[in-house]
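The sequence shown runs 1 to 222 under my numbering.
Hints listed in this document are in silico derivations from the structure and should not be mistaken for laboratory results.
Keep in mind it's a predicted model, so treat the numbers as computed, not measured.
Be aware that one or more of the hints could be misleading.
[Said to hold, decoys possible] For lysine-lysine, the following DSS-like pairs were computed, each having C-alpha atoms within a straight-line distance of at most 27 angstroms:
1. K70 with K60
2. K70 with K30
3. K60 with K30
4. K200 with K158
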Amino acid sequence: MPETPASTPPAKRRTRGRPKLATPAEQRAKIIAATRQLFLAQGYGGTTMNEVAAHCRASKRTLYELFPSKTDLLGAIIEQHRTSMLALPGDYEGLSLSHALERIFQIDISEEEDRAREAFLNLTIVEAARYPEVGEMLHRLGGQRAHALLAEWMETEKQAGRFFIDDTPSAARMLMDMMFGAIVTKTGAHAEWPGLDARKDYMRRCIRIFVHGTGVRPAPEN
Numbered sequence: 001m002p003e004t005p006a007s008t009p010p011a012k013r014r015t016r017g018r019p020k021l022a023t024p025a026e027q028r029a030k031i032i033a034a035t036r037q038l039f040l041a042q043g044y045g046g047t048t049m050n051e052v053a054a055h056c057r058a059s060k061r062t063l064y065e066l067f068p069s070k071t072d073l074l075g076a077i078i079e080q081h082r083t084s085m086l087a088l089p090g091d092y093e094g095l096s097l098s099h100a101l102e103r104i105f106q107i108d109i110s111e112e113e114d115r116a117r118e119a120f121l122n123l124t125i126v127e128a129a130r131y132p133e134v135g136e137m138l139h140r141l142g143g144q145r146a147h148a149l150l151a152e153w154m155e156t157e158k159q160a161g162r163f164f165i166d167d168t169p170s171a172a173r174m175l176m177d178m179m180f181g182a183i184v185t186k187t188g189a190h191a192e193w194p195g196l197d198a199r200k201d202y203m204r205r206c207i208r209i210f211v212h213g214t215g216v217r218p219a220p221e222n
């Protein structure tokens, strides 16, 4: 009886599934990143929502569902920018106060990150002079919110016996004035520093003075 040839298994069919749809959170992040670049290139006032939709390759319906107005989109970008200035909330347990504050104020960012942060700061300063909503949102979602978060963290450290401060909100304001004063310019011009390392050293000195004062030599930190 002749052998029956082994049957050849049918070739696997390639199935083409639908492309994975981005989640609302992914779409939101993509739109925020792309719009930030548009604002930097064209200005807040010079950018329309139609241009945002086209640049992000998003439908107008999707765009307006996530951001009902250009002001809402600006607010989201400012909130994201705030985290590049002040890393709070965050877990800094186990660090000395000085090291925790260095992390919170993100002193050791790269030159590329620093340039991106400075570019957006300068943009908002210039645009705030022309559009009041920019200044209002920068104050409320940027500076005001950052102050509240820092004061909250400092109060927690105070309750743990690591800070001795009679007025936590005022202390947080003082520290922000010192630290952000080294970064933010009031004219939209570039900061006058001989280099990023010099500014980082200055900010570390601000933290040491804030934590230890100037009347007593600080004990060495672990």
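Hints, verified against the model:
Pair hint K70 plus K60 holds up; C-alpha atoms about 12 angstroms apart against a cutoff of 27 angstroms. Between K70 and K30 the alpha-carbon distance is near 15 angstroms, which keeps this suggested pair within the 27 angstroms criterion. Annotation: proposed proximity of K60 to K30 holds, straight-line Cα distance about 14 angstroms (limit 27 angstroms). Proximity of K200 to K158 is assessed by CA-CA distance (about 26 angstroms); at most 27 angstroms being required, the pair is judged to hold.
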